[in-house]
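Peer 1: Each chain is listed here by its residues.
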Amino acid sequence: MPHLDAAYRFARWLARSPAEADDLVQEAFLRAFRAFDSLRGTEVKAWLFAIVRNCHASALRQGMQRAFVPLPDEAAGEPALAGTGPGPEQDSIAADEQRRLECLIGALAPEHREVLVLREMEDLSYREIAAATQLPIGTVMSRLARARAALRSQWLGESAGEPRAVR
Amino acid sequence: MQCAEALRVQALFDGELEALSAVEVERHLEHCPECRALTEELARTRARLRAAPLERAPPELRRRIGRLLDAEAGAGAPRRAAWRLPPFWQGAGAGAALSAACAAALAWLVLAPAASAPLLGELVGAHVRSLMPSHLTDVISTDRHTVKPWFAGHADVSPAVADFAPQGYKLVGGRADYFNGQRAAATVYEHGAHIINVFTFRADGRALPALRSRDGYHIACWTAADLQYCAVSDAGWDELQQLERLLRELSRADARD
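Those protein sequence lines, which keep their order, are chains R and C. First residue of the first sequence: 0, per numbering that gives the first Met the number 0; consecutive thereafter. First residue of the second sequence: 0, per numbering that gives the first Met the number 0; consecutive thereafter.
If you're looking for bench data, these hints aren't it; they were derived computationally from the structure. Among the clues, some could well be false.
[What the hints assert, rightly or not] DEER-style ranges, computed between Cβ atoms:
#: 1; chain 1: C; residue 1: P58; chain 2: R; residue 2: D95; range: 45 to 51 Å
#: 2; chain 1: R; residue 1: A108; chain 2: C; residue 2: H153; range: 49 to 55 Å
#: 3; chain 1: R; residue 1: E96; chain 2: C; residue 2: H144; range: 56 to 62 Å
#: 4; chain 1: R; residue 1: D95; chain 2: C; residue 2: Q1; range: 30 to 36 Å
#: 5; chain 1: C; residue 1: A36; chain 2: R; residue 2: E96; range: 20 to 26 Å
#: 6; chain 1: C; residue 1: Q166; chain 2: R; residue 2: P17; range: 36 to 42 Å
Idealized CB from N, CA, C, for every residue including glycine.
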């Protein structure tokens, strides 16, 4: 199934719970399958992301979505958080950093998080991100810059142990 | 206070600037320590974000969707359904076979990158060089009847060439590049804001990975009629593979003529 893994990863960032992500992807693939004949152009992946995103938006509208987004203040500088990550694996520094990073991405504003994830994790071009999010390219660029700056300052603040002034 | 060029610096980092702007921004970087620091930060952030292996969809979800789409495609008539499925969806239910193919491809990438690595590097190098001012084309034409004969005098191979403007891939021209010990043909296509170089040279039996990325550029390789084709671009995979499909069809049609 083309792009299922990518669609699932994206849904995970939107839904913030594995079960909701499952439902989201299933609904999106069904919609995509039914609408496939209407697809024009070659940007299948961006098109599929747009559908996942729309499914998420309608789930939100229907109030089916339980919001779980950690607040930045809670995510930052909270040592107990390291113990709440998934998986029983040995705590290596890398795994620890990875969990912290995921928390910080989760704490970004949703409109910032989606462009960041599409660019950095899924390697979409600006044009593809614009197609997936139905935003003008200029907006994609400025949101991406803000998302990266926010992530960077959160990361620096947290790894320094306490929030640090960042330009 | 942020430098006014910050967004263009980000675009350069993301490989989104066309050649002339890229040169301007690179010049700016020489004089602006703030933007150099920004570039380094962008690279560090990316390295962090891409350090973890990519998560995959749970197998159970894959099976569930496969069943759902099979049912959707034609309840009770699986054979006809499969026949009617558009190519994109074929194998939707065949998760196991697909995973096996992926595993094989992955094993190949892990086990045998060394032999093809220098050539892939050369390809990306040639692509990047071509984007520098006035390096893109030796012959500028949207007409295959101009470009194809030009190659006859300047390259060792005669590649499949056509203007696919209706499909979104406009033929821009051709160029001869020397690498892999021969005069390779480089056909240049424009797709939206992206330039795609299709390098064609004699296949030497060395297997190249079908899809590979390097330095942020995507490379799609295939062989047709004893010729090795490698398309290099910052365009997305889907866009690159669409051009590959068009050129493969063309090679088949040429072979029949």
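Peer 1: Would you mind marking each hint as holding or not holding in the structure?
Peer 2: These are the hints, each one checked on the structure:
1. Restraint check, P58/C to D95/R: a C-beta distance of roughly 28 Å breaks the suggested window 45 to 51 Å.
2. In this structure the supplied range 49 to 55 Å holds for A108/R paired with H153/C, their Cβ-Cβ distance being about 54 Å.
3. At about 58 Å, the beta-carbon gap between E96/R and H144/C stays in the expected band of 56 to 62 Å.
4. Against the hinted window of 30 to 36 Å, the Cβ-Cβ separation of D95/R and Q1/C comes to about 31 Å, which satisfies the hint.
5. A beta carbon spacing of about 22 Å between A36/C and E96/R agrees with the range 20 to 26 Å that was offered as a hint.
6. In this structure the supplied range 36 to 42 Å holds for Q166/C paired with P17/R, their Cβ-Cβ distance being about 39 Å.
Violated hint: 1 only; the structure is consistent with all others.
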